[in-house]
Each structure stands twice: as structure tokens, then as C-alpha cells.
Amino acid sequence: MAIRSAPEVNAGSMADIAFLLLIFFLVTTTIEKDSGIARQLPPLEEVENPPKIRERNLLIVSVNRNDELMVNDQLMELKDLRQAAIDFLDNGGAPANTADYCDYCQGRRDRESSDNPDKAVISVQNDRLTSYKMYIAVQNELVAAYYHLRNRESQRLYGWNYTDMYNALEEGQYQGNETLLKERLETIQKMYPMKLSEAEPRRSGQ
Amino acid sequence: MAKFTKRSSGETPAISTASLPDIVFMLLFFFMVVTVLRDDNLMVRNTLPKADQVEKLKKDRSVYIYAGRPSDRYVEQYGTEGKIQIGDKFTDISNLKFALTEARARLLPELQDRIMIALKVDEETNTGLVTDIKQELRELNMLKIIYVTSPGNVLDYQ
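First to last, the sequence lines map onto chains X and C.
Quick note on the numbering used here: the first sequence kicks off at 1 and runs consecutively.
Quick note on the numbering used here: the second sequence kicks off at 1001 and runs consecutively.
Keep in mind that the hints were calculated from the coordinates and are not lab data.
Ideal Cβ positions, reconstructed from N, Cα and C, are used throughout, including at glycine.
You may find that some hints are simply not true.
[To be verified] Pair by pair, the computed Cβ-Cβ distance ranges are:
| no. | chain 1 | residue 1 | chain 2 | residue 2 | range |
| --- | --- | --- | --- | --- | --- |
| 1 | C | 1101 | X | 32 | 30 to 36 Å |
| 2 | C | 1114 | X | 46 | 23 to 29 Å |
| 3 | X | 8 | C | 1041 | 42 to 48 Å |
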């Protein structure tokens, strides 16, 4: 019997098959969103005798049902909110030689605005009909104001950005002395503690 | 001296397509690897708002809450009011605690105390619904939340 060599498999349609699969995966892929603004909710228990906050230490940000923004009784555009929050937090109005004096603040030291970053509180007041898009935009700007100041101080003291180091630590990518880094991050956090309070939202029209 | 004979056929040689399958396969494998199959079937509209001051989500300890108006194919059945979805079904606000306690029990035991609630809320939703969810979360003492957003900034488009 003659030895027949096996005929070669035709691989010409391999590309077509692969293309078909490729297009299937291209269409079905949804890249999962996996980042966001992290917040800590206040615990539920009622605080007895809530601490009195002076009016000058309070920045009231309110948003109405038409997504209009009001900061301390003045209408404001969203793009100006970040700078307004930075000015307020960084004001450091307490006079020198008092316990509240803020030696690292670079603000205008206006007596009518906040004493120091530790006392400054930003209060956000929403309407129930405010859109979630606006809500997140406002939160984003306010958080950005805190991060801006924290980055500035960490640059001045240690030469790195607070947000970069914080994220590196959270993701476990930081090589080096983690305890030291944590200590330093806490120092920065204490300089500009995030005091963002949220009031109960109003019913529409109230 | 050797003579070099110039092949002088005027045609350009055909481009070899032999490596085409390899290239396509490479792309295919890339997409196969990066594809994450959704574990929840979305029943609400979910266009996330934009934000840029973000932190990474820790997937191993997160429980997702979706909220928004029902998607088009559910509108007839459920109307257009904002709805909450946990897992594969719509949940009422009064039922939220039960659903979340159940979801927490499914996490790894050592991560249950460090549970994070990831809120995936449609940008058209009213804040009131989100506030209701947050109130329930406070009652459950699940205080760590993260508003999942898409990258970008609202201000860039104005």
C-alpha cells in the first residue's frame, strides 16, 4: 500500500473565526467603573449639647430644586465654589498670640471669616429634588478644596502630594516606611480636617 | 565576479496576510482578559455623574446599591419614579435593611466589619432618594460609603 501523506488543514478561515470572536468580546465588554468619592457617614446616636459653631466659622452651601447654588446667602456659580471653599478654610482669622492662631494658613486673615481650619465647618444643604449630578458636583468641588490645601501643606513639609501618597498607601503600592507615612498623612489630615456636614434635606418649597 | 540578476517583474509582491490570525488572536485574548462579566443585571438607568477627586473602590468588601429610574423595558411595570436595586431585584426602601444584612453575610467573615457601600446612582435621580438610603445605612451602622462616579469633571463641559 502506498503511504499517503495526510492533507494539510486549511487555515485560511482562521482569521475569520478569530475576528468573529473578537467582535463578540468587543461588543460585550463593559469596562467597570471602579472609583468614586468616599465618605464617612455620621453615626446615628444623637449628640447631647451639640457644640455651638460661630457664624463666621460656618460656610453654608445650599442647593435648591433647580440646581442653583447659594453660598452664605449669595448666589454662586459652581466653578467658583472650589476657590470660595479654599478661601474660607485657609482664612485663619484668629489673631496671633491666641490659642486658635493658625501659623500655616495663607489666607486673608479676615476676622469675619473662619478662625482656623480646625474650626471651619462646611455645611451642605440640599433640597430633596436636587439632582444627584449636582449633588456629586458640589461634593466633588468641596472635597477638591480640602485636597488642594492638604496637597499644598504636604508639598511644603515633605515634598510630595497628599493625594498621591494616600492612594498609593490604599492600593498597597507604597514601598518604604508605612508607619512613618501614615503618621505624616495624619499630620496633614489634622492640619485640614475634613469637616463637611450635611443637613437634613428640605422638602421642596420649604 | 558573480553576476547579480535583477528580477524585473514589474508587479509589487502581495502583502503577506499569514500573520493576520496571530494579530487578531492577540487582540482577542486582550479583550477576553479585560472583560469583566457583570454579576448584576441592571434594571435601572445608570449614567454615573462625573467627578475627579476619587479613590479606588475595594471590590472585595463592597456591596453595590443601584438607584435610578427603571430602564425602558421596565417602565410599564414599575413606572418612572426612582427605584433602588440590590442584587438582581428592585428593593423597597423599607426592605433595604434586610437586603443589606443579607448582602453583608455573603462577604468574607474578616471583611464584614469593614463593609463599604458603593452607591451607583443615576445622575438624574433626586437627592431625596439618596438621603433615604443614607439614613437607612446609618441605622444599620454601615457608615463607609462611596459614591461611584465616572472620570471627568462637570465643569469641563460648561
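Now the hints, each set against the structure:
1. A beta carbon spacing of about 25 Å between residue 1101(C) and residue 32(X) contradicts the range 30 to 36 Å that was offered as a hint.
2. In this structure, residue 1114(C) and residue 46(X) meet the distance hint of 23 to 29 Å, their C-beta atoms being roughly 26 Å apart.
3. Judged by the Cβ atoms, the range 42 to 48 Å given for residue 8(X) and residue 1041(C) holds: they are separated by roughly 46 Å.
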